[in-house]
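Trainee: So the sequence lines, in the order shown, correspond to chains A and B.
With the working numbering applied, the first sequence covers 1 to 387.
With the working numbering applied, the second sequence covers 1 to 235.
Treat the hints as calculated values from the structure; they're not laboratory data.
Just so it is clear, the structure is predicted and the values come from calculations on it, not from any experiment.
Keep in mind that the hints are not guaranteed to be accurate.
Listed next, with one range per pair, are the computed distances between beta-carbon atoms [as the list claims (entries may be wrong)]:
#1 Ser14/B with His12/A: 23 to 31 Å
#2 His12/A with Gly18/B: 31 to 39 Å
#3 Arg178/B with Leu326/A: 55 to 63 Å
#4 Gln145/B with Glu286/A: 35 to 43 Å
#5 Glu286/A with Asn229/B: 37 to 45 Å
#6 Asn10/B with Ala385/A: 25 to 33 Å
#7 His60/B with Glu286/A: 49 to 57 Å
The calculated lysine-lysine pairs, modelled on DSBU-like cross-linking and capped at a C-alpha distance of 35 Å, are [what the hints assert, rightly or not]:
#8 Lys378/A with Lys331/A
#9 Lys220/B with Lys3/A
#10 Lys378/A with Lys124/B
#11 Lys137/A with Lys147/A
#12 Lys123/B with Lys165/B
#13 Lys220/B with Lys136/B
#14 Lys144/B with Lys151/A
#15 Lys220/B with Lys123/B
#16 Lys122/A with Lys136/B
#17 Lys144/B with Lys23/B
#18 Lys179/B with Lys165/B
#19 Lys123/B with Lys144/B
#20 Lys122/A with Lys378/A
#21 Lys23/B with Lys3/A
#22 Lys123/B with Lys378/A
#23 Lys124/B with Lys3/A
#24 Lys179/B with Lys196/B
#25 Lys220/B with Lys179/B
#26 Lys331/A with Lys23/B
#27 Lys151/A with Lys165/B
#28 Lys23/B with Lys151/A
#29 Lys9/B with Lys378/A
#30 Lys144/B with Lys378/A
#31 Lys378/A with Lys196/B
#32 Lys9/B with Lys3/A
Just so it is clear, CB atoms sit at the ideal spot from N, CA and C, and this is done for glycine as well.
One-letter residues, chain by chain:
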Amino acid sequence: MLKLAWRNLIAHPIRSILTSASVCIAILLLCLLRSIVTTLDAGIEAASATRLIVMSSISLFVDMPVSYQQRIEQVDGVDVIGKWQWFGGYYQNPRNFFAQFAVDPEHLFDMYPECQLDEEAKQRFLSTRNGCIIGRKLADDPNFAWKVGDKIPLVGALFPHPDGGAWEFEVCGVYTSSAANFDERTMMFQWKFFEETLRTSGQDPGVGVFVFRCEPGANVERIMGEVTAMFENGPMSVRCAPESEFQRMFISMMGDIPMLLGWIGTAVFVALLLGCVNTMLMAGREQVRDIGIYKALGFDDVTAFRVLVTQSLLLCVIGGAAGIGLTLALKPGIAAAIAAMFPVFIVADETLIFAAVLIVLLGLAAGIVPAWRASRMKPIEALRAEH
Amino acid sequence: MTNAMIRVKNVTKSYSRGGETLKVLNGLNLEMDEGRFYALMGPSGSGKTTLLNLVGGLDHPDSGDLFVAGANLSDLDGAELARWRADNVGFVFQGFNLIPVLSARENVELPLSLTGLSRAERKKHAEYALELVGLKDRMNHRPKQLSGGQEQRVAIARALATDPKVLLADEPTGDLDRKSAEQVLDLLVRLNQEFKKTILMVTHDPHAADRAQSIVHLEKGELGRIEHNAPAAAK
Ligand SMILES: Nc1ncnc2c1ncn2[C@@H]1O[C@H](COP(=O)(O)OP(=O)(O)OP(=O)(O)O)[C@@H](O)[C@H]1O
Ligand SMILES: [Mg+2]
Chain A
1 MLKLAWRNLI AHPIRSILTS ASVCIAILLL CLLRSIVTTL DAGIEAASAT RLIVMSSISL
61 FVDMPVSYQQ RIEQVDGVDV IGKWQWFGGY YQNPRNFFAQ FAVDPEHLFD MYPECQLDEE
121 AKQRFLSTRN GCIIGRKLAD DPNFAWKVGD KIPLVGALFP HPDGGAWEFE VCGVYTSSAA
181 NFDERTMMFQ WKFFEETLRT SGQDPGVGVF VFRCEPGANV ERIMGEVTAM FENGPMSVRC
241 APESEFQRMF ISMMGDIPML LGWIGTAVFV ALLLGCVNTM LMAGREQVRD IGIYKALGFD
301 DVTAFRVLVT QSLLLCVIGG AAGIGLTLAL KPGIAAAIAA MFPVFIVADE TLIFAAVLIV
361 LLGLAAGIVP AWRASRMKPI EALRAEH
Chain B
1 MTNAMIRVKN VTKSYSRGGE TLKVLNGLNL EMDEGRFYAL MGPSGSGKTT LLNLVGGLDH
61 PDSGDLFVAG ANLSDLDGAE LARWRADNVG FVFQGFNLIP VLSARENVEL PLSLTGLSRA
121 ERKKHAEYAL ELVGLKDRMN HRPKQLSGGQ EQRVAIARAL ATDPKVLLAD EPTGDLDRKS
181 AEQVLDLLVR LNQEFKKTIL MVTHDPHAAD RAQSIVHLEK GELGRIEHNA PAAAK
């Protein structure tokens with residue numbers, strides 16, 4: 001049966017190769033789309049439930065006054081709090097993108113256990129005014145190749161240095177991350193250094209987000225409500241949400257990406273299905289007489305059905321397997337290409353299983369109409385065809 | 001009834017085409033003995049192919065009964081009929097008999113896959129059948145690489161491979177030149193004489209019909225004369 005299916009496919013090499021190639025490309029695309037969704041979700045899932053984020057209710061890009069910190073800290077049940085400010089600088093060239101934040105270092109490691117750094121480096125970071133820590137991936141990036149003790153000059157695109165020159169940071173340590181939500185391509189430096197430097201020219205930096213942790217057993221809902229209510233009447237109203245919620249918001253700022261990708265994926269699949277159905281209908285029409293011969297020889301309707309479905313499955317499985325193979329082969333390259341934006345690129349086993357199921361469904365769906373026709377065909381009519 | 005291989009009793013068959021009913025067979029009665037070679041002749045449209053298909057269980061009559069190789073075909077449902085065909089009849093059609101993507105040997109092996117034979121036995125049977133039709137040296141050729149006459153001989157080898165009692169051939173020499181046609185006819189005569197196959201061959205060609213032992217004439221769905229060619233028709 002397989003031999004027969006294979007022979008029939010290679011009897012029309014161009015058509016079979018084109019159809020298989022389209023299955024291959026489409027499956028590759030579907031795997032990548034799914035993997036992007038998985039990658040985005042991974043950040044949300046890994047996000048901590050005990051950490052809460054406070055941001056301006058207008059948008060993430062609007063700052064809050066520094067004075068909010070003390071007021072939030074006074075809310076009953078708030079344990080520790082820290083500031084985060086997006087620095088938005090670049091090294092030598094704006095294309096060398098990586099994230100930099102001004103942070104409060106005191107509770108950083110306490111609040112973010114996933115950020116792992118040895119004790120000595122922590123102490124060095126705390127005691128160096130212009131000290132910074134960088135993630136493993138950033139340190140390993142051949143464009144930078146920074147190590148402890150290096151000085152990193154950054155041009156402050158959002159916060160120009162009062163001298164007009166570059167900001168200079170000293171690498172105090174290289175951290176690793178134990179969770180998908182904590183990026184290893186980030187640099188963090190001391191808020192105090194940031195603030196004091198800007199003050200010399202009379203500027204007063206705001207805060208992008210506050211991150212705080214509740215005391216164990218505290219009523220998180222109540223705290224979120226109190227924090228929001230506290231600033232309701234200005235000067236700047238805020239939004240307070242658990243970190244996972246915040247991550248989701250952050251992703252949805254780019255639009256409802258998972259949904260969009262889902263639609264694209266569906267469209268790709270439908271187009272692919274139509275192409276495969278077309279190929280199989282053609283094959284079915286060409287093989288009408290063959291079907292008549294099988295039946296005259298004593299093969300039953302089920303065999304006639306299988307002859308065409310096997311061809312369809314074979315066509316899709318060959319193309320689909322190539323697509324899955326290609327996905328795995330391209331994975332490291334893609335991961336490297338998007339490393340600046342996403343800490344990891346996850347091709348989940350579920351995605352591959354999903355693709356495999358899709359391939360089989362596709363093969364069945366494309367083959368079912370011609371196969372059904374073949375099985376229903378009366379032998380005399382099939383034999384009269386082409387005569 | 002004792003030695004009738006094929007019995008056609010009161011068989012009628014009509015086709016409906018766009019509301020019109022076309023009566024093709026009109027209460028036909030016919031008996032054919034085991035081990036004889038029959039030629040079926042008649043003008044175009046007289047129902048020869050229709051009769052052959054009914055005898056081979058490829059189609060059902062509107063009424064009447066067909067007893068072929070010991071079975072009453074009306075008693076068999078679709079799947080049983082397919083099984084019965086595999087065991088009892090071999091078909092040779094006019095032109096395009098072979099599966100184009102399979103080699104001559106694979107084509108001959110095809111009906112053998114419905115038997116319980118092992119792969120090695122199937123191969124042996126197929127090679128033997130091809131040897132019988134004189135095409136063993138072509139067994140790995142595809143149908144496209146064979147001449148029309150060779151194709152027909154491969155089709156005969158395939159019809160033989162399962163050792164059926166009845167061979168049904170619909171204008172097997174219709175598309176062939178004189179010489180190839182003679183080869184095919186020689187082969188059929190030999191199968192009849194040496195292997196005692198009951199053969200029913202539709203033909204338009206009086207020469208071909210002369211090679212059979214009996215010639216059955218069909219006219220407008222009714223039985224005409226039956227001629228018996230005196231001695232065996234081996235040339
Ligand atoms: N499936 C069908 N549907 C409708 N009409 C059919 C069908 N098969 C045969 N016919 C008609 O029935 C009549 C008898 O057909 P049949 O094929 O049995 O004739 P035949 O004697 O074999 O003719 P020929 O010598 O041309 O092969 C013809 O008029 C044909 O057009
Ligand atoms: Mg005919």
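Trainee: A range of 49 to 57 Å was offered for this pair. Does it hold for the Cβ distance of His60/B and Glu286/A?
Mentor: Since His60/B and Glu286/A have Cβ atoms about 28 Å apart, the given range 49 to 57 Å is violated.
Trainee: Would the pair Lys122/A and Lys136/B pass a check requiring their Cα atoms to be no farther apart than 35 Å?
Mentor: 86 Å, violated
Trainee: Given the proposed pairing of Lys220/B with Lys3/A, does the C-alpha separation stay at or below 35 Å?
Mentor: 45 Å, violated
Trainee: For the pair supplied as a hint, Lys179/B and Lys196/B, confirm whether the alpha-carbon distance does not exceed 35 Å.
Mentor: The hint holds at about 25 Å.
Trainee: Given the hinted pair Lys378/A and Lys331/A, is their Cα-Cα distance within 35 Å?
Mentor: It is violated: about 50 Å lies between the C-alpha atoms, which goes past 35 Å.
Trainee: Given the hinted pair Lys378/A and Lys196/B, is their alpha-carbon gap at most 35 Å?
Mentor: Answer holds: Lys378/A to Lys196/B is near 31 Å, not above 35 Å.
Trainee: For a C-alpha distance cap of 35 Å, please report whether Lys378/A and Lys124/B respect it.
Mentor: The hint holds at about 32 Å.
Trainee: Given a hinted range of 35 to 43 Å, is it respected by the beta-carbon distance of Gln145/B and Glu286/A?
Mentor: 19 Å, violated
Trainee: Given the hint that Lys220/B pairs with Lys179/B, does the C-alpha gap stay at or below 35 Å?
Mentor: Given pair Lys220/B, Lys179/B holds - Cα atoms ~32 Å apart, limit 35 Å.
Trainee: Regarding the pair Lys137/A and Lys147/A, is the alpha-carbon distance no greater than 35 Å?
Mentor: 12 Å, holds
Trainee: Given the hint that Lys23/B pairs with Lys151/A, does the C-alpha gap stay at or below 35 Å?
Mentor: Violated - the C-alpha atoms of Lys151/A and Lys23/B are around 101 Å apart, more than 35 Å.
Trainee: Is 23 to 31 Å respected by the C-beta to C-beta distance linking Ser14/B and His12/A?
Mentor: Distance hint for Ser14/B, His12/A is violated at roughly 39 Å.
Consistency with the previously given hints fails for numbers 1, 4, 7, 8, 9, 13, 14, 15, 16, 17, 20, 21, 26, 27, 28, 32, ordered from lowest to highest.
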